[in-house]
Structures are given as C-alpha cells and as structure tokens.
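Undergrad: Protein chains in written order, with the UniProt record's numbering: chain A, 1 to 251; chain B, 1 to 365.
It is worth saying that the hints were derived from the structure and are not from the lab.
Among the hints, a few may not be true.
Claimed, not checked - Facing chain B, according to a computed beta carbon distance under 7 Å, are these residues of chain A, among others:
1. 32
2. 35
3. 40
4. 43
5. 50
6. 51
7. 52
8. 55
9. 73
10. 76
11. 80
12. 81
13. 84
14. 88
15. 238
Said to hold, decoys possible - DEER-style ranges, computed between Cβ atoms:
16. A/33 / B/254: 51 to 59 Å
17. A/113 / B/77: 39 to 47 Å
18. A/54 / B/168: 42 to 50 Å
19. A/112 / B/65: 46 to 54 Å
20. A/226 / B/168: 37 to 45 Å
21. B/44 / A/19: 45 to 53 Å
22. A/198 / B/44: 47 to 55 Å
23. A/233 / B/351: 41 to 49 Å
24. B/239 / A/43: 47 to 55 Å
25. B/65 / A/54: 34 to 42 Å
26. A/181 / B/189: 30 to 38 Å
27. A/43 / B/77: 17 to 25 Å
28. A/144 / B/76: 27 to 35 Å
Bear in mind the structure is a predicted one, so any value in this text is a computation, not a measurement.
Here a beta-carbon is modelled for each residue, glycine too, at the ideal position from N, C-alpha and C.
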Amino acid sequence: MLLLALDTSSAVGVALLEGERVLAQEQHHDPRRHGELLAPSVRSVLAAAGVDRRDLGAVAVGVGPAPFTGLRVGVVTALALGEALGIPVHGVSSLDALAASALAAAPVSARGPLAGGFVVAADARRREVHWARIAIDGGADALADPLSGWRRTAGPAVDTPADVAAGIAGEGLPAVGRGAALYRDTLPGPDVLAGASGDAHDTVELPLDPDPGVLGALVARRLATGGELLPPRPMYLRRPDAQVPAALAGR
Amino acid sequence: MTLAADPLVLGIESSCDETGVALVRGATLLGHAVASSVDEHVRFGGVVPEIASRAHLEAFLPTMRRACEEAGVTLADVDAVAVTAGPGLAGALLVGVAAAKALALALDVPLLGVNHLVAHVAVDVLVSGALPERSVALLVSGGHTELLDVHSPVHQGRQGVGAMRVELLGQTLDDAAGEAFDKVARLLGLPYPGGPHVQRAAERGDPAAFAFPRGLTAAHDLRRHPYDFSFSGLKTAVARQVDAHRRSLEPGAELGEAFVADVAASFSEAVADVLSRKTVTAAQERGVQTVLLGGGVAANARVRGLLAERCEAAGLDLRVPPLRLCTDNGAMVAALGALVLADGLGPSPLELATDPGLPVSTIIV
C-alpha cells in the first residue's frame with residue numbers, strides 16, 4: 001500500500017512509502033511557513049516517486065504535541081486529502097516518530113548511547129519542551145529495529161527543560177531532538193553518533209525533528225502489527241491563551 | 001486548463017469565528033453549511049484567535065460534508081476550490097487555506113485564494129443573478145467597517161480590462177462597527193455578541209434620549225476623512241453616560257431597564273446615522289446608482305432601516321442579501337471564486353500564503 005506521511009510538528013516533512021520502504025521524501029525547517037510549504041511538498045514528493053495521488057492508500061500524520069499553528073496545517077491537510085481521495089487518515093505521536101527517527105539515524109552498531117533509554121524533546125516555545133521518555137526493551141537486540149523494541153514510559157508532556165532534567169536526574173538518560181539541542185546545558189545528550197565504518201571522522205547527526213519517512217514506516221508497522229495509532233486530531237497539551245476580561249470575571 | 005461552462009466551485013471561509021463551506025455553480029447556491037465557535041468566545045467578550053483556530057479544524061470536515069450533502073454533490077464533482085486568503089485572523093485563515101490546498105491537490109482542480117471583503121460583495125450574485133456594473137458597498141461586521149467602490153463589468157471574461165475591480169473609499173480608523181456594539185453591550189451589562197442584545201434593548205428605548213457623537217462628520221474631519229469612520233469616541237461617550245448614571249444610583253444598583261434601552265437606542269441611532277450618511281454621500285458623489293450592504297451588522301434593524309430610508313430618499317437602489325449570506329459564510333467565497341474564474345483570473349499557486357492584512361484591491365492572490 002502507498003502511504004503518504006506528513007508531519008508539521010516542527011519542520012515540514014512529507015514522505016511517500018510503499019509498505020515501510022520510503023520512495024521519496026522532503027523536509028524543510030521553516031517554522032513560520034508550514035502553510036506555504038506543505039502542499040507543494042506533497043506535490044513534489046508524489047512527482048519524484050512518479051505516483052498518482054489517486055493510487056494512495058492511506059495518509060499518516062504526526063499529531064504532535066506541538067505549538068499550535070503549524071501543527072494544524074499538517075492535520076487539516078491530512079484530513080482534507082483523506083476525504084477527497086476517500087482513504088483513511090492515521091495519526092501518530094510526533095514524539096514517537098522522533099524516537100524512531102533517532103534510532104533509525106545511526107547504524108545498529110552505533111546505537112549504544114541510546115541503549116539504556118533516552119528522552120525525546122521537541123521545542124514547545126515559551127522556554128518549554130514537549131517531551132517523552134523512551135525505554136528500550138531487551139537490550140541490544142531490540143536496538144536492531146528502530147520501529148519497535150522500545151516503549152514510551154513517560155509523556156507526552158510539556159515542561160521546562162529544568163523540570164524534565166529534574167525528572168530524569170539520576171537516570172542519566174540522554175536527550176535527543178530539537179527541544180534538547182536548544183537547551184543542551186540542561187538536557188545533555190549526543191548530537192552525533194559514530195558512523196558504520198568505525199572511523200572517528202565518520203559520524204551521523206541525530207535528527208532534530210521527526211523524519212517523515214520514519215514516521216510513515218512507524219505507522220505502516222503499527223497498522224500491520226498493532227501499536228498506538230491516534231485519531232487525526234492535534235495534541236496541543238496546552239490550553240488556549242485567553243484571559244477572561246476583568247469586567248466579565250465572576251459572572 | 002479548460003473548465004465546463006458553469007464550473008462547480010467549492011468555497012471555504014475561515015477568517016474569523018465562522019467555518020463556512022458552500023457549493024456554487026454559476027450564480028446558483030447549491031448548498032452551504034456554517035459552524036460557528038461564537039459560544040466558546042462569549043465568556044471572553046470577544047473572539048479568541050486560538051479558540052477560533054482550533055474550532056475551525058474540528059468543524060471543517062463535518063461542515064464540508066453537510067454542504068456537499070445539501071448540494072447533492074460529491075467532492076469528485078468539484079471543478080475549483082475557492083478559499084478566503086485574507087484579510088482575517090492569521091491562524092484561522094491558515095486552517096481554511098491548508099484545507100483548500102489539499103482539496104485542490106487531491107481533486108486536481110484550480111485553487112483560488114480570494115479576498116474576504118470582496119466575497120461579501122460577490123455574494124449578491126447568488127441573490128440578484130449578477131453584480132451591478134458599479135456599486136458602493138458598505139461592509140460592516142465585528143472585524144470590518146469598509147466603504148468600497150466596486151466595478152464589475154457585465155462583459156466578463158476579458159482578463160484585466162473586463163475583470164472586477166475594487167477600490168477602498170474609506171474604513172474605520174479604530175473600532176469596527178460590530179466591535180462598538182460588543183463594547184457598548186459590555187458597558188450596559190449585556191452579553192456578547194453585543195449586536196442582537198443591544199438591538200433588543202434599543203427596541204424599547206428613545207433614539208433621541210442622548211445626543212451621542214457622530215465620528216468624523218464635522219466639516220474639518222470630512223475634508224480629510226470623507227468616507228472614513230471612527231467609533232471609539234462614541235464608545236467613550238456611552239461609557240461616560242453610563243458612569244454618570246451609575247454615580248446617581250445607590251452603590252451596586254442596576255442601571256435600570258429604561259436607561260439601558262435609551263442608551264442602546266441612542267447608540268444604535270448614532271452608528272446607523274454615520275454609516276448610512278457616508279454611504280449615501282459616497283454613492284452620490286461618485287455617481288453610483290446601487291448600494292450593497294454586507295457583514296454581520298447588516299442584521300441590525302436600525303442600520304438596515306435607516307440605510308434603506310436614505311437610499312430611497314436619494315433615489316438609490318439598495319441590495320441587502322438575506323442575513324445568512326451577510327454574516328461570514330462559504331457561499332460568498334464560492335460566489336467570488338465563480339466570478340474570478342469567469343473573469344479568467346487565477347488559479348492561485350499551491351504556495352499561496354495567507355495574508356491577514358490583504359488589501360481590498362487584491363481580489364485574488
């Protein structure tokens with residue numbers, strides 16, 4: 001089945017997959033232009049893979065948590081595509097996609113620094129991060145497959161980096177993702193892992209944002225074998241900023 | 001791209017707190033549905049952008065399905081997707097525009113990002129069959145107060161010269177007319193949105209009880225701002241009147257029904273007077289025969305009534321769409337989409353950006 005995967009929780013990410021195999025993908029980090037970039041990226045990813053939109057079988061979308069405006073662009077795009085093409089839309093946690101993306105970024109041999117579990121953190125703005133704690137089940141073997149073998153054991157939640165650090169203090173868990181990279185002093189962790197060759201100069205950068213191809217593969221896997229899929233609705237975690245005017249308070 | 005003689009246009013509106021979707025073929029409204037988040041804004045006394053944006057996303061699919069059902073069409077029948085690209089609330093606009101892009105892409109039809117204010121004018125097509133060749137339009141709502149000079153030649157289809165053209169004559173320099181109703185309602189202890197509550201109170205009041213100011217109508221103001229509006233001074237005058245009245249009462253006493261009715265009636269009279277006077281003057285000075293009224297404040301009986309009276313006295317034709325088409329809706333967006341297609345304009349690029357401050361002279365982005 002051809003799956004179109006979208007994520008606008010941070011960057012604008014689009015991927016086209018057949019099963020778990022990525023046929024084409026694009027990612028742009030431009031936090032203020034989700035609305036402009038997403039639809040053209042969908043068009044160009046379809047064109048790059050030579051796939052007609054009518055042959056799509058499902059849409060996958062990262063539902064956050066994320067700051068509000070950009071996230072809605074991805075979700076409403078997924079909903080409208082699903083409606084117009086008559087195909088299902090599956091939501092998935094963008095933090096789960098980020099965890100899988102971190103594991104997938106490095107060769108199996110280099111995943112050691114993450115083997116004891118880790119924290120994924122995304123930029124929630126206002127000096128806070130959206131975060132989750134990831135535990136690895138069954139040690140090194142589990143690391144071989146970035147799409148399973150791990151579980152979210154805390155979160156998703158929104159907190160200050162200091163509160164996240166306090167919560168995982170003593171566990172010594174490394175933190176990955178844009179939310180960690182922004183607050184490295186508070187949330188330490190590797191920015192790069194060793195490459196496959198073992199050469200000291202051969203390194204792989206850990207992703208800052210969910211990789212849309214990995215997000216798609218994660219959804220494909222969970223569709224096939226079970227695992228958490230969510231309704232395609234934004235996960236905000238914050239209430240809207242709105243003050244009841246003094247004149248109306250207490251009514 | 002060739003289109004059928006009468007393309008089926010899907011229109012999407014999400015610039016403020018109404019999610020509207022409609023289907024229009026030519027000048028015929030086939031179906032439309034509107035979901036409003038107004039109830040969620042009541043306790044804040046005004047539209048909260050983030051609440052409105054969230055509500056648009058929740059409401060979008062159900063609203064579109066209702067519109068298609070009413071029209072008896074499926075999305076596969078749609079020939080073009082029109083959407084409000086601005087002006088409006090940035091986050092709210094973005095939901096409609098992103099949805100429209102996805103639909104245009106999935107259905108492989110043109111995308112038309114159009115101007116919300118011009119759509120308020122274009123909706124007349126659905127009522128009258130065609131726009132007047134020339135008109136002065138008064139748009140009054142909670143977010144807008146504009147006076148426009150609209151050229152819409154009947155010989156459409158010639159790009160540029162034959163196409164619709166809109167010129168901004170004047171606008172509010174501070175509060176929108178609908179916003180003034182909301183603020184005055186709050187001063188009088190009436191609920192949000194203010195329009196219907198102020199009107200109900202005004203029915204029992206004396207419109208001449210208080211001589212509230214008519215903003216920008218003094219000779220020296222008229223020279224600089226012949227067609228502009230200002231309602232902040234009016235609101236302040238109402239606030240002063242309420243304060244003075246309160247001081248005359250026992251502490252904690254109610255304002256009293258008669259006082260509230262008189263203030264509501266006198267305030268409504270001041271708003272209706274300025275709006276209608278400037279609109280009629282604009283039409284006369286520009287030699288325009290037809291006046292169009294649009295926006296939610298068209299629901300106000302006094303605004304509608306006085307404008308009708310003065311248009312008739314001046315020998316002008318007044319067109320007021322049914323109220324459900326005056327407030328924000330998808331039908332007006334689809335109607336404008338159909339007009340710009342007929343004018344040979346568009347499509348908009350898939351890269352289309354929303355523009356919260358889109359000038360009224362830009363009909364399609």
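Undergrad: Is the distance from the Cβ of residue 144 of chain A to the Cβ of residue 76 of chain B consistent with 27 to 35 Å?
TA: Violated, at about 45 Å.
Undergrad: With a cut-off of 7 Å on the beta carbons, see whether residue 55 of chain A makes it to chain B.
TA: 12 Å, violated
Undergrad: Does 47 to 55 Å hold as the CB distance between residue 198 of chain A and residue 44 of chain B, or does it fail?
TA: 60 Å, violated
Undergrad: Minimum Cβ distance from residue 40 of chain A to chain B below 7 Å?
TA: 5 Å, holds
Undergrad: Return holds or violated for the Cβ distance of residue 113 of chain A and residue 77 of chain B against the range 39 to 47 Å.
TA: 55 Å, violated
Undergrad: At a threshold of 7 Å, is the proposed contact between residue 81 of chain A and chain B supported by beta-carbon distances?
TA: 5 Å, holds
Undergrad: So the hint says 41 to 49 Å: do the beta-carbon atoms of residue 233 of chain A and residue 351 of chain B match that?
TA: 27 Å, violated
Undergrad: Could you check if residue 238 of chain A really has its C-beta closer than 7 Å to a C-beta on chain B?
TA: Nearest chain B Cβ about 9 Å off; hint violated.
Undergrad: Taking the beta carbons of residue 239 of chain B and residue 43 of chain A, is their distance inside 47 to 55 Å?
TA: This hint holds: roughly 53 Å between Cβ atoms.
Undergrad: Min Cβ distance, residue 50 of chain A to chain B: is it shorter than 7 Å?
TA: Cβ of residue 50 of chain A sits 16 Å from chain B, so the hint is violated.
Undergrad: Return the status of the interface hint for residue 84 of chain A: holds when the least beta-carbon distance to chain B is below 7 Å, violated otherwise.
TA: Where the cut-off is 7 Å and the nearest Cβ of chain B is about 4 Å from residue 84 of chain A, the hint holds.
Undergrad: Taking the beta carbons of residue 65 of chain B and residue 54 of chain A, is their distance inside 34 to 42 Å?
TA: Between residue 65 of chain B and residue 54 of chain A, where Cβ atoms are some 21 Å apart, the hint is violated.
Of the hints listed earlier, those the structure fails to meet are numbers 1, 5, 6, 7, 8, 14, 15, 17, 20, 22, 23, 25, 26, 28, in rising order.
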